[in-house]
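Novice: Sequence:
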Amino acid sequence: MKLVIGNKNYSSWSLRPWILMRHAGVDFEEINVSLFTENGKQMIEKWCPAKRVPVLHDGPLVLWDSLAICEYIADKTTDQPLWPEKTDQRARARAMSAEMHSSFTDLRSAMPMNCRRIVEGFKPSLAAQIDINRIVQLFEDALEQSGGPWLFGHYSVADAMFAPVVSRFRTYQIATPLLSSQYIQQTLSDEPMLEWYAQASSETAVLDSFEIMP
Numbered sequence: 181m182k183l184v185i186g187n188k189n190y191s192s193w194s195l196r197p198w199i200l201m202r203h204a205g206v207d208f209e210e211i212n213v214s215l216f217t218e219n220g221k222q223m224i225e226k227w228c229p230a231k232r233v234p235v236l237h238d239g240p241l242v243l244w245d246s247l248a249i250c251e252y253i254a255d256k257t258t259d260q261p262l263w264p265e266k267t268d269q270r271a272r273a274r275a276m277s278a279e280m281h282s283s284f285t286d287l288r289s290a291m292p293m294n295c296r297r298i299v300e301g302f303k304p305s306l307a308a309q310i311d312i313n314r315i316v317q318l319f320e321d322a323l324e325q326s327g328g329p330w331l332f333g334h335y336s337v338a339d340a341m342f343a344p345v346v347s348r349f350r351t352y353q354i355a356t357p358l359l360s361s362q363y364i365q366q367t368l369s370d371e372p373m374l375e376w377y378a379q380a381s382s383e384t385a386v387l388d389s390f391e392i393m394p
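Quick note: the sequence shown uses our numbering, first residue 181, plus one each step.
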C-alpha cells in the first residue's frame, strides 16, 4: 500500500487515514507531497486523480477520499475492529464520522490545523463557536455512553476522523468540559499522534493561509 499525504503540520485530511493505518498496524509506504509548491503540484498530478490528498494506492485500487480510505482499511483489518461491534453504536460512529467529514466548515476556515502553533487569546467567531459546541456535544455524549477512553471504548474510525479537530482544539486553546478534555489529552498523548507531531515539527514549509493570528 502507498498513502499519499500532504504537509503533516497542516493537512488535516491526511492525518485521518494515516493515524488509523498506524493504529491498525497496516504496513504502508508514505508518499509526502509539499502542498502549494511546483514539485507538489507535479506529485499530485502523478498520484492524485482528484487533485487532492490523501490518496491510497493498493495494487490497482486507487482511493482518493479520507473517509473512503478509512472504511476500506476497516474492512481489510480483521485482527482488530475499527468500528464498534454493536449495531447501534456502529451506526452512531458512522454518523459522527460522516458529520465530521461533511460539516463544520466555519471551524475549518477559522481554525486551520497547525500542529506547530499555540495561538494564545484566540476568540472563535459565533459561527465557529457553534461548530465547537456541536463537536463537544458529540464527544460528551459518546464518552458518557462508552466510558472512554476513546469515543466508542476502543479506537475506531470515528477517533481518526476527529483527530484533526483535537489538534485544532490544542492549537487554539479551546476550553472543553471534563470528558472532552480527558479525550483530547488521550488523543494528543497517543503514540501515533506523537509521531505525527514530531514529524510535523521538523517540517520547514510555512503556508501563510494556515497561520491564523488571534
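No lab work stands behind these hints: they were computed from the structure. Just so you know, not all the hints are guaranteed correct.
What the hints assert, rightly or not - List time: in silico BS3-like cross-link candidates among lysine-lysine, alpha-carbon distance up to 25 Å:
1) LYS231 with LYS182
2) LYS231 with LYS221
3) LYS266 with LYS303
4) LYS182 with LYS226
5) LYS256 with LYS266
6) LYS182 with LYS256
Unchecked claim - If you anchor each label on the Cβ, the simulated ranges turn out as follows:
7) ALA385 with ASP238: 38 to 48 Å
8) HIS281 with LYS231: 39 to 49 Å
9) GLU375 with PRO261: 33 to 43 Å
10) PRO229 with SER283: 22 to 32 Å
11) GLU265 with GLN222: 36 to 46 Å
12) GLN379 with GLY301: 23 to 33 Å
13) GLY328 with LYS221: 27 to 37 Å
14) SER289 with LEU358: 40 to 50 Å
The structure presented is a predicted model; accordingly, all values stated were derived computationally and were not measured. No residue lacks a Cβ here, since even glycine has one placed at the ideal position from N, Cα and C.
Novice: Hint by hint, note whether the structure agrees.
Specialist: Status of the hints after comparison with the structure:
{"no.": "1", "hint": "LYS231 with LYS182", "result": "16 Å, holds"}
{"no.": "2", "hint": "LYS231 with LYS221", "result": "8 Å, holds"}
{"no.": "3", "hint": "LYS266 with LYS303", "result": "39 Å, violated"}
{"no.": "4", "hint": "LYS182 with LYS226", "result": "13 Å, holds"}
{"no.": "5", "hint": "LYS256 with LYS266", "result": "19 Å, holds"}
{"no.": "6", "hint": "LYS182 with LYS256", "result": "15 Å, holds"}
{"no.": "7", "hint": "ALA385 with ASP238: 38 to 48 Å", "result": "28 Å, violated"}
{"no.": "8", "hint": "HIS281 with LYS231: 39 to 49 Å", "result": "18 Å, violated"}
{"no.": "9", "hint": "GLU375 with PRO261: 33 to 43 Å", "result": "23 Å, violated"}
{"no.": "10", "hint": "PRO229 with SER283: 22 to 32 Å", "result": "25 Å, holds"}
{"no.": "11", "hint": "GLU265 with GLN222: 36 to 46 Å", "result": "44 Å, holds"}
{"no.": "12", "hint": "GLN379 with GLY301: 23 to 33 Å", "result": "28 Å, holds"}
{"no.": "13", "hint": "GLY328 with LYS221: 27 to 37 Å", "result": "42 Å, violated"}
{"no.": "14", "hint": "SER289 with LEU358: 40 to 50 Å", "result": "29 Å, violated"}
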